[in-house]
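There are 2 protein chains.
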Amino acid sequence: MSVTAARGFRASGVAAGLKSAGALDVALVVNDGPDAGVAGVFTANRVKAAPVLWTQQVVHGGVARAVILNSGGANACTGPAGFQDTHATAEHTAAVLTSTNARLMVGAGDVAVCSTGLIGERLPMDKLLPGVRGAARDLSRSGGPAAAEAIMTTDSRPKTTVVDGGGWTVGGMAKGAGMLSPALATMLCVLTTDAVAGPEALDAALRAACRVTFDRLDSDGAMSTNDTVLLLASGASGLEPTRAELTAAVTAACHDLAQQLLADAEGATKQVAIEVVGAASEDDAVEVGRAVARNNLVKTALFGNDPNWGRILAAVGTTAAVFEADDLDVAVNGIWVCRSGAAAEDRSKVDLSGRDVTVRIDLHAGTAQATVWTNDLSHAYVHENSAYST
Amino acid sequence: MSVTAARGFRASGVAAGLKSAGALDVALVVNDGPDAGVAGVFTANRVKAAPVLWTQQVVHGGVARAVILNSGGANACTGPAGFQDTHATAEHTAAVLTSTNARLMVGAGDVAVCSTGLIGERLPMDKLLPGVRGAARDLSRSGGPAAAEAIMTTDSRPKTTVVDGGGWTVGGMAKGAGMLSPALATMLCVLTTDAVAGPEALDAALRAACRVTFDRLDSDGAMSTNDTVLLLASGASGLEPTRAELTAAVTAACHDLAQQLLADAEGATKQVAIEVVGAASEDDAVEVGRAVARNNLVKTALFGNDPNWGRILAAVGTTAAVFEADDLDVAVNGIWVCRSGAAAEDRSKVDLSGRDVTVRIDLHAGTAQATVWTNDLSHAYVHENSAYST
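Here the protein sequences come in this chain order: A and B.
Under this note's numbering, residues 106 to 495 are what the first sequence spells out, in order.
Under this note's numbering, residues 106 to 495 are what the second sequence spells out, in order.
Just chain A, with the same shape it has in the complex (with noise of 0.2 angstroms):
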């Protein structure tokens, strides 16, 4: 029921022509209340486009009524006409619904903008702005898999999660199949709830969970001008839980929409768990963890089911964490191919035939840990990427 499993939510996904063969390419997703608080966390490139920055404003007010996303163009490197175009589609989706729907009074500020797909290239507004008052008209409390399915690019499948908080409920839906990188990557992600809770409580959950699974997500080292994780509280349920209640209920979503996001990676063959143990802080942790997930050369191995631990042991040495070469273990699927920083285990115990990795990595520095996932680096991740504008 993706977004739509929350009481209080309604959405839709239209085929409005961006996206060519009549594929849904705009989705909507409206907060009928009552309440209409939204959190949002956004990607740290310095190079955002036009509706992450429309949207960073949306969500500083605290506020959200509705959000509309669109596939088929990302609306990025645009300058200060694309900005224009996501404002107007803001307007025009605010007109649109305070003209068909007696109860919602909303204005341009109170709608979010989410927008995928190629980068440098101008939305076509008109098929975007019909196609936002066909949404309109669609809008069901049944519509989430249709907004699901709307805002996919090269995703092989919608992504959808519910998680049950006890009387209140935890939905979301999530696009993305590639550039999945630290502070999220060319992903979008709506999750919607009707527990009661305010902007701040929003805020707080929806960090906590980001910290440790989106971002903790790193396919290929990329990261996009598009990425956006907003939040949206409706309390049509009249509960409201706990902090820590509602941060776990937000984690478990976003964990299951990551691990959906790695599964559907663009190309990949192996899903790949990069545990970091034994380290002297988390941040350590973390940072072994995407140095490994990011080397090309361990990547490449991965793909040719080579426990290759003298490549993940030349990947731990460029960091910075507290280790010594001659402490490192490395276990590959439960095999220790590597301990203190030589060969142990025969390599040729290692299981690789499977689609899941576990690369385990002992610092013997602490007992912080923390994991990280990636994806290996195959033929078709090269090919999918060498292909994707042309």
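Treat the hints loosely; a few may be bogus.
Some chain A residues close to chain B (C-beta under 10 angstroms, calculated; not the full set) [claimed, not checked]:
id, residue
1, M106
2, A181
3, I224
4, M230
5, D243
6, S245
7, R246
8, S247
9, M328
10, S329
11, N401
12, A420
13, G446
14, A447
Covered, in the sense of this in silico footprint (three residues per stretch, anywhere, with C-beta under 8 angstroms from a C-beta of chain A), are these stretches of chain B [stated by the list, open to error]:
id, stretch
15, 140-154
16, 220-227
17, 443-456
Quick caveat, the hints were computed from the structure, so don't treat them as lab data.
Glycine residues also receive a C-beta, built at the ideal position from the N, C-alpha and C atoms.
Using the hints, position chain B against chain A.
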């Protein structure tokens, strides 16, 4: 003539059986003096191979009479036993040279050791030590090319250079075909000169040269455990260049070898120069160049002959360099496809059919500039690096 172009040096390359099929795999370079100054630059990786740890000590003393090099094994991540192997190799080299050359009194501490090949496996000392003896027997003033061939791994051809200083010479050889990254990368380089120059002058010249050549080569972002660049001076010309003259000649030699490494990078179809101009500082320019050079989405786009400037902007946006996103200009092979952060000249005008690509990025934030060199990310890169150890 490689390392034997400068007077005072002999070299050799022999087949010791470390590589299969009788390929040359042990190289020896001997400095017959009268001087024996040495300087070195090593990998910044904290996981350093045994020969790097050893040779750092040799260089610290400022004197080296010989360099013994092997391909067919990196002797990295081999623990204390691996270090003993390096030590034994140096001792054996010293003993053989002393016994066969009346002029030379060589101690193990005067012998630099370099190894390259697979990580994590012990060297077959029963083959290597006889190889050292054979290399000593074959030493000659014309042995430079054989030495350059003996250090190759996945290189498709040997890399040598000669720079004429005017009465004195800098010669050199290098190996490397991937993992070219900051602070060098799986590369070995031995430079020789017959100029009169003490260890301090050699060190200053070598560091200055590496900073703008090898250190700005970033083929795949991976940093090796074995990178070593050595500069040996025999003083045999009797001429003492100024520091500026020495630095210029060493830089020219390093630049020539670096470009040969770039041209031979594993599986690459493009040689890409990322020229960053208008930077607030040289550090900013290097940071931006490196971020673009390491971005897999930029690299796959170039492999696909796609002038995807949006991905270039997204890569620039991940840096902390001084710039405003709305000021960025990008040219690909001379066509300014992006001006002021948005689309400009028609991208179809960009000709990417050749092997050489120039990406020029103007940050409009100052007058500093730097160039970083990289390669594209191709199917062949994935193939070679997924199959290397199996």
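Evaluated hints:
1. M106: violated (33 angstroms)
2. A181: holds (7 angstroms)
3. I224: Constraint on I224 (chain A) satisfied, holds at 3 angstroms.
4. M230: Constraint on M230 (chain A) not satisfied, violated at 16 angstroms.
5. D243: violated (31 angstroms)
6. S245: violated (35 angstroms)
7. R246: violated (37 angstroms)
8. S247: violated (36 angstroms)
9. M328: holds (5 angstroms)
10. S329: This hint holds: S329 (chain A) lies near chain B, its Cβ roughly 6 angstroms from the closest one there, short of 10 angstroms.
11. N401: holds (5 angstroms)
12. A420: Interface hint status for A420 (chain A): holds (7 angstroms vs cutoff 10 angstroms).
13. G446: Result: holds, 6 angstroms to nearest chain B Cβ.
14. A447: holds (4 angstroms)
15. 140-154: With 5 residues closer than 8 angstroms to chain A, the stretch 140-154 of chain B meets the three-residue bar; holds.
16. 220-227: With 4 residues close enough to chain A, the hint holds.
17. 443-456: holds (count 5)
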